[in-house]
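**Q** Given next are the chains, with one letter for each unit.
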Amino acid sequence: MSITIHTTLRGLFVSGFGLASLLALSGATSAQPRPPAAIQETMDIGDEPGRVSTEEATITDGPYARQMVLFRSSEAPGTVVIHSAERFLYVVQGNGRALRYGIGVGREGFTWSGQVKVSRKAEWPDWRPPPEMLQRQPYLPRFMAGGPGNPMGARALYLGSTVFRIHGTNQPETIGQAISSGCFRLANGDIADLYDRVPVGTKVVIRHKATL
Amino acid sequence: MTPRAGTPRNMKRFPLAALACGLLPLVLAGCGGGASMSSSDAPAARAPAPAGVSRDALVGRWGIASFHTEKDRKRTEAEARAQCKQPYTITKGPGDGVMMHVADDPKPYELRLKAGSGGRTYLGFEAPAGDPQDRELLSVKPKELVMRFVDPDAHARYGTFIYSRCG
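These protein sequence lines are chains A and B, in that order.
Taking full-length UniProt numbering, the leading residue of the first sequence gets 1, the next gets one more, and so forth.
Taking full-length UniProt numbering, the leading residue of the second sequence gets 1, the next gets one more, and so forth.
Okay, the calculated bits of chain B under chain A, using three or more residues with CB under 8 Å as the criterion:
id, segment
1, 59-65
2, 68-74
3, 83-97
4, 105-114
The list that follows gives simulated cross-link-like pairs (lysine-lysine, DSBU-like), each with its CA atoms no further than 35 Å apart:
id, chain 1, residue 1, chain 2, residue 2
5, B, 107, B, 141
6, B, 74, A, 117
7, A, 121, A, 209
8, B, 74, B, 107
9, A, 117, B, 71
10, B, 74, B, 141
11, B, 141, B, 71
12, A, 117, A, 209
13, B, 85, A, 121
14, B, 85, B, 71
15, B, 92, B, 74
16, B, 85, A, 117
17, B, 107, B, 143
18, A, 121, B, 71
19, B, 92, B, 143
20, B, 74, A, 121
21, B, 141, B, 92
22, A, 121, A, 203
Pairwise CB distance ranges (calculated):
id, chain 1, residue 1, chain 2, residue 2, range
23, A, 94, B, 152, 46 to 52 Å
24, A, 197, B, 96, 57 to 63 Å
25, A, 130, B, 70, 25 to 31 Å
26, B, 92, A, 200, 48 to 54 Å
27, A, 161, B, 78, 22 to 28 Å
28, A, 61, B, 130, 40 to 46 Å
29, B, 70, A, 77, 41 to 47 Å
30, A, 123, B, 48, 43 to 49 Å
31, A, 61, B, 73, 36 to 42 Å
32, A, 176, B, 143, 42 to 48 Å
33, B, 152, A, 123, 22 to 28 Å
34, A, 67, B, 86, 39 to 45 Å
Derived from the structure by calculation, the hints contain no laboratory data.
Note that the Cβ used here is the ideal one computed from N, Cα and C, for glycine as well.
The whole structure should be built from the sequences, with the hints applied where relevant.
**A** Written as structure tokens, this is what we have:
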């Protein structure tokens, strides 16, 4: 297994709410009035838990729809090849063809490349927000049981011993975007299709840009 | 309103904004003038405190986990007990409330316990019990709390929370 992180993973910090909030509260004698909605911060969409997407949600139109394409590769049939910059995942079919899926990828600073194998598969996987996400969104549960409201979506393919996965999503509208923390996300219907095609042990090649 | 697939990103905050528009229209001159909104303008409707639950029952360090369907409750309880390595800490507030977060907001606020209709207990801002930004306490035991967000959207997204006391 070999992995290259393209840029340093950025540290993410909550924007210093502690002291300022405590100072603002210093004169309070009871519970606070509700803060005006207009000044509340916008939530990071990165891995918003609990938004609901059905198991059947697929990308049906445009380049990110699942489709057979011409694909020149020296990889053996069955190999999964990910081109992060293009937002595509290919399952090599042989004869110069591949089944292509639209994906969401890691945002700037969270992209990586390498060669791994699928080490485990899971249906409706549980979700544990990473520590940096808990810093940004401290109200999150530290564990969320798998289900339609879970950011991991309907299926997950675990990549080697890394913390990264190919998984579904409760936000299919984010396919084609670079907003994840390094995982690769497909619409739930598409990850379910991929899940059935890809056994444990499958070689997965992650490239930032397309190369032969 | 529950966000669905395809909901534009900038629509995510709509429920809270809509709630603010719906609940504060007589106090705030519309929802367009965010800079002029002042929480001190809102009258405090002080809900009575519940008789059976004190804030001391909430204060402490907790492992928290959530579930959406009842079949996951048992293993979620076990996961909550295992989360004390990254606990959620509830402290006493400067008033008679506790310092906690509400959904989708990284700032801590002082929230207080409120008695609602039918013997229900809520936790939230100075507003009538059962306000959309409240949590409802479903169960309070010395070592375990069960809570849910009142807002149907937040509840659908985050599920039912199990708090397991650490230490």
